[in-house]
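Enquirer: Residue numbers (my numbering), protein chains in the order written: chain A, 116 to 507; chain B, 3 to 434; chain C, 162 to 422.
Hints listed in this document are in silico derivations from the structure and should not be mistaken for laboratory results. Glycine included, C-beta positions come from ideal geometry on N, C-alpha and C. Do not take every clue at face value.
[What the hints assert, rightly or not] Examples of chain C residues lying across from chain A (beta carbon under 7 Å, computed): (1) Gly199; (2) His326; (3) Tyr327; (4) Val331; (5) Val339; (6) Ser344; (7) Leu384; (8) Gly400.
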Amino acid sequence: MHAEKGGSARIVIDADGLRQLINQLTADGFEVLGPRQEDGAIVLGPIASIDDLPRGVHDEQSPGHYRLTQDGNSALFGHNAPAHAWKRFVYPPSELLWRARREGSGFIMEEPGKVEAPRYVFFGVRACDLKALRILDAVLGAGGARDSRYVARRGRSLVIAVNCTQSGDTCFCASMGSGPVARDGYDLALTELADGNGGQRLLVAVGSEPGAAVIKAIPHRPADEADIAAEAAVLKAAQDGQHRKMVPDVAALLQRNLEHRQWNQVAERCLGCANCTLVCPTCFCATVEDVTNLSGDTAERWRKWDSCFTGDFTYIHGGGIRRSAARATGSGSPTSYRRGGSSSRRRGVSAAAAASPGARSASTSPRRRATSGKAKEEGNDEPRRRGRQGAA
Amino acid sequence: MSNARTRTIKVDALARVEGEGALNVRIRDGVIRELQLRIYEPPRFFEPLLRGRQYTEAPDITSRICGICPIAYIMSSSQAMEDILGIRVTGPLRDLRRLIYCGEWIESHALHAAMLHAPDFLGLADAFELAQQHREVVVKALELKKLGNHILEVVGGRAVHPVNLKVGGFYKAPRKAKVRELIPQLRRAIGTAMELGRVFATFDYPEYEFDYTCVTLRHPDEYAIHEGRIVSNRGLDIAPSEFPQHFREEHVQHSNALHGLTTKGHPYLVGPIARYNNNADQLTPLAREAAKELALGPVVRNPFKSILVRMVETVLACEEALRICDAYEEPDASCVEAAPRAGTGFGCTEAPRGICWHTYRIDETGHIQDARIVPPTSQNQRQIEDDLRGVLEANLHLADDVLQWRCEQTIRNYDPCISCATHFIELRIDRE
Amino acid sequence: MTRPPKKPKLAVWKFASCDGCQLSLLDCEDELLAIADGVAIAYFPEATRATLPGPYDISLVEGSITTPDDAERIHSIRRRSKRLVTIGACATAGGIQALRNFTRVEDLIRSVYARPEYIDTLSKSTPIGDHVFVDFELRGCPIDRFQLVEVLNALLNGRRPNIPHYSQCVECKRAGTVCVMVSRGIPCMGPVTHAGCGNLCPPLGRGCYGCFGPMELPNTAGLAGWLGKEGCSSEQLRGMFRTYNAAAAPFRRESEAHEQR
Numbered sequence: 116m117h118a119e120k121g122g123s124a125r126i127v128i129d130a131d132g133l134r135q136l137i138n139q140l141t142a143d144g145f146e147v148l149g150p151r152q153e154d155g156a157i158v159l160g161p162i163a164s165i166d167d168l169p170r171g172v173h174d175e176q177s178p179g180h181y182r183l184t185q186d187g188n189s190a191l192f193g194h195n196a197p198a199h200a201w202k203r204f205v206y207p208p209s210e211l212l213w214r215a216r217r218e219g220s221g222f223i224m225e226e227p228g229k230v231e232a233p234r235y236v237f238f239g240v241r242a243c244d245l246k247a248l249r250i251l252d253a254v255l256g257a258g259g260a261r262d263s264r265y266v267a268r269r270g271r272s273l274v275i276a277v278n279c280t281q282s283g284d285t286c287f288c289a290s291m292g293s294g295p296v297a298r299d300g301y302d303l304a305l306t307e308l309a310d311g312n313g314g315q316r317l318l319v320a321v322g323s324e325p326g327a328a329v330i331k332a333i334p335h336r337p338a339d340e341a342d343i344a345a346e347a348a349v350l351k352a353a354q355d356g357q358h359r360k361m362v363p364d365v366a367a368l369l370q371r372n373l374e375h376r377q378w379n380q381v382a383e384r385c386l387g388c389a390n391c392t393l394v395c396p397t398c399f400c401a402t403v404e405d406v407t408n409l410s411g412d413t414a415e416r417w418r419k420w421d422s423c424f425t426g427d428f429t430y431i432h433g434g435g436i437r438r439s440a441a442r443a444t445g446s447g448s449p450t451s452y453r454r455g456g457s458s459s460r461r462r463g464v465s466a467a468a469a470a471s472p473g474a475r476s477a478s479t480s481p482r483r484r485a486t487s488g489k490a491k492e493e494g495n496d497e498p499r500r501r502g503r504q505g506a507a
Numbered sequence: 003m004s005n006a007r008t009r010t011i012k013v014d015a016l017a018r019v020e021g022e023g024a025l026n027v028r029i030r031d032g033v034i035r036e037l038q039l040r041i042y043e044p045p046r047f048f049e050p051l052l053r054g055r056q057y058t059e060a061p062d063i064t065s066r067i068c069g070i071c072p073i074a075y076i077m078s079s080s081q082a083m084e085d086i087l088g089i090r091v092t093g094p095l096r097d098l099r100r101l102i103y104c105g106e107w108i109e110s111h112a113l114h115a116a117m118l119h120a121p122d123f124l125g126l127a128d129a130f131e132l133a134q135q136h137r138e139v140v141v142k143a144l145e146l147k148k149l150g151n152h153i154l155e156v157v158g159g160r161a162v163h164p165v166n167l168k169v170g171g172f173y174k175a176p177r178k179a180k181v182r183e184l185i186p187q188l189r190r191a192i193g194t195a196m197e198l199g200r201v202f203a204t205f206d207y208p209e210y211e212f213d214y215t216c217v218t219l220r221h222p223d224e225y226a227i228h229e230g231r232i233v234s235n236r237g238l239d240i241a242p243s244e245f246p247q248h249f250r251e252e253h254v255q256h257s258n259a260l261h262g263l264t265t266k267g268h269p270y271l272v273g274p275i276a277r278y279n280n281n282a283d284q285l286t287p288l289a290r291e292a293a294k295e296l297a298l299g300p301v302v303r304n305p306f307k308s309i310l311v312r313m314v315e316t317v318l319a320c321e322e323a324l325r326i327c328d329a330y331e332e333p334d335a336s337c338v339e340a341a342p343r344a345g346t347g348f349g350c351t352e353a354p355r356g357i358c359w360h361t362y363r364i365d366e367t368g369h370i371q372d373a374r375i376v377p378p379t380s381q382n383q384r385q386i387e388d389d390l391r392g393v394l395e396a397n398l399h400l401a402d403d404v405l406q407w408r409c410e411q412t413i414r415n416y417d418p419c420i421s422c423a424t425h426f427i428e429l430r431i432d433r434e
Numbered sequence: 162m163t164r165p166p167k168k169p170k171l172a173v174w175k176f177a178s179c180d181g182c183q184l185s186l187l188d189c190e191d192e193l194l195a196i197a198d199g200v201a202i203a204y205f206p207e208a209t210r211a212t213l214p215g216p217y218d219i220s221l222v223e224g225s226i227t228t229p230d231d232a233e234r235i236h237s238i239r240r241r242s243k244r245l246v247t248i249g250a251c252a253t254a255g256g257i258q259a260l261r262n263f264t265r266v267e268d269l270i271r272s273v274y275a276r277p278e279y280i281d282t283l284s285k286s287t288p289i290g291d292h293v294f295v296d297f298e299l300r301g302c303p304i305d306r307f308q309l310v311e312v313l314n315a316l317l318n319g320r321r322p323n324i325p326h327y328s329q330c331v332e333c334k335r336a337g338t339v340c341v342m343v344s345r346g347i348p349c350m351g352p353v354t355h356a357g358c359g360n361l362c363p364p365l366g367r368g369c370y371g372c373f374g375p376m377e378l379p380n381t382a383g384l385a386g387w388l389g390k391e392g393c394s395s396e397q398l399r400g401m402f403r404t405y406n407a408a409a410a411p412f413r414r415e416s417e418a419h420e421q422r
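In isolation and in its complexed conformation, chain A is listed as follows (with noise of 0.2 Å):
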């Protein structure tokens, strides 16, 4: 719902402006959505008002490194991409998909996906998020797998997106095109400005008509071209201000590379956390899980976020495909990370083979515990039948 940049003139409000807004969105009965300060860090929850965002507060951002700063610059915006991503919004950590009760000889389902989706309002949305907004929508959108609830909650909301006047160290959007400022995928688009007297003026621009109908009540006036200006300066400023670049044609570069010693310098330093894909706006991977009660007598489904790098995730037929992680082994020398190759698979064989009835003494061996208790997840398809054994 969210309509091409329109050519309609740009106009300012000020900080007053922006706050009346935010008081008319709530009023319309929309949950704002915004960045925040919180446990030392922007993240993204809901703003009551223009006083929950972080004035004054700037962010350090390095690999593996995040500190927040504050000074006497009164800048509602002059952080960077935050802690967060959007897609916890639209696509919730962990969701319930249906319930089942037994009833007779059978189940009834309940679908508790019928509920209305809230109506969010995702305001100070990067372009970069903005980008990534658009990449789950391919994915789970009209477009793509036609996520139900996805669809829902993405259509019922208003995108207020904020473009960047300043870059972090990591940043690197220029080089993707998809930044510092926000382009499109937007209802409304803010440049914040310094007014000269301490406060904000903000530069708008409308995406969409339900970005029009929002803005039209809050006081305006037509921008001039000091702030257009002003606007060009700050936004040249933030993408001057990137270190980092994408390299051209970076898929092929990779391809050429796979046996790369960089992979292992990576695989080294990788802890296999799955922090990167959980905290990417892009990445949209879930397993399901089916619960019951004690009694079996209801079951459901949630649906969570999971991650390629988790053993169960990328379990398949025959073995996992990420059998270890580099230097798995406290002191050792650095082995190299092994790719699902025939030779691991030989060894999910023969360990599928070990559990089965056939190979009873090897399932019994005392060493047979597992380190991580993957080990025994892989056999895990027939506790039962190894249980029984094990009281023969």
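Assemble chains B and C onto chain A, guided by the hints.
Expert: Using the frame of chain A, we list chains B and C on its own:
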């Protein structure tokens, strides 16, 4: 295996206690020849394993001594370290500590009184049988237990081995709204604890009395839980640092838990009855009413009535928790910070089953040089043996299986925590 | 009310431990009576003096093996158990008492007990899986009671338990917890620690201290390398890996890599 002259009564594994222990009794010509409360819970060597660790690790590591009363270990060790560091935890942080300790008392007392101890008085094997006959008793107890655990979770982050406590205070003070949510539950819990008390008051209590030496904490302003001087009903009044001059531990062959004795070699009692006898003047108003309604009198000498004292203390813990929750404001800082310095410190708090005494010596870099922990059940051990002797002597006419159960019940009067004591039950009665 | 003719028998066994994991079963206040309806509690000394003879359909085993007697007893329990599930860090990794594995046990006995000759103990604290085949290992010091109910639930309903083996980080990220290591420089074991506690420490501003033991495929050296760069000493690193799961192989090896030589 009994004949006219000799009887052999054995209980190989005492049930409804925390940890592993047994009782051996040999009776010959109607005289108890041998009585051993055997604690075979394997030793885990906490004290020497603490050596070389940082002082900040002691609360978490020692909490693993006991899954039933981790707060007692966390608090006593924290207090000892704070003694060394020269810091005092006061104001809202002190209140939060008392609040979480109340949570542990509520949880532990509800579990023991209703689910482990009460079945004995009704001749039932366990709480599950009790639930079949008196479901409401178990449901009420579970309600109380859940609230106790909920307090532990709100303040400590987890019911067993909480994670939010540390030397100096807390990692993060709980939000006011979360603490306030406890208030209606606590109001209801006071009534629930009273109702359980009334049910327990209708039980038949075996006639047995003992003039105990009661050793507890005492605090000038409150019913002592997490702070105070060590006192007894025989006139003792000492600082926790003076404990070693007045009490000693003895290693006996039949037990992996050291026996606590006074330096003169006398057994003594710690726990609910001892606390009630020493500190009844400081009961909170509703707890005082409860004690009156349950007809406990000024001094309790019948150990089987410990179940009633536990319910009085549960009322007290709920009242105290309620008072703290009502007044709670989030503190400015969640912790009193201090740099380590060399020294020796002492800590003593009232675990649900009695005083838990700790001492540590640390060096200037904060490394633990020495640790000594005296848990409540090891202090009660000799007293339990004395009680058993008394109960047996009075009941030798009973059949072996009845006698055996009576012995178990006597031990359960103490809510013994054997895991603690070893850092203890199985029952064997041999009548020759 | 009609009952199925035969309820599965549940037994709870204890070895060297603090009882906290068994207590977690009694701490399932909302589910306890339903569990008691669903199974026959055949052996559970902490809760009942009644015992039923084996074999047992489900045996929950708490605690580690530290005495010669216990090393025998676990075999007899295995023989009588159709499915044996270990509960907690002691049973699964040797527990905090496995710190003895890095010292001489005779010294320990002498330091606690006046009469060392009365004490019968093994030199190492070992997990149940070192002695007998284990059907499922439930992690944690202590276990999470919801995970315990899930395992019982799964076993009773003939399905696989939903107990993931990934890192603690996954729990943090789902909960939206801010990373204490990245944003505050607090050392955290989360990236190598098994999920399941319910995301307890980081939301309190405390680094994960690894009480659920190693995750699947932990890169402990990678984490130690990073923490070292952030200022952790070898002694601190050794201490971090040497706690409640000290004898779990990945943590043991990593702690040994930071021994002072």
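Enquirer: Given His326 (chain C) as an interface hint, is its Cβ closer than 7 Å to any Cβ of chain A?
Expert: holds (5 Å)
Enquirer: Taking the closest Cβ pair, is Tyr327 (chain C) under 7 Å from chain A?
Expert: Holds, about 4 Å.
Enquirer: When the nearest CB of chain A is found for Leu384 (chain C), is that gap smaller than 7 Å?
Expert: Since the shortest Cβ distance to chain A is 6 Å, the answer is holds.
Enquirer: Hint Val331 (chain C) vs chain A: min CB-CB distance below 7 Å?
Expert: holds (5 Å)
Enquirer: Taking 7 Å as the limit, does the beta-carbon of Gly199 (chain C) come near enough to a beta-carbon in chain A?
Expert: At 5 Å from the nearest chain A Cβ, Gly199 (chain C) passes the 7 Å test, so the hint holds.
Enquirer: Should the hint that Gly400 (chain C) touches chain A count as held when the rule is a Cβ pair under 7 Å?
Expert: violated (14 Å)
Enquirer: Holds or violated: the hint that Ser344 (chain C) contacts chain A, with Cβ atoms closer than 7 Å.
Expert: holds (4 Å)
Enquirer: Would the hint on Val339 (chain C) stand, with a C-beta cut-off of 7 Å toward chain A?
Expert: holds (4 Å)
The earlier numbered hint that this structure contradicts is number 8, and it is the only one.
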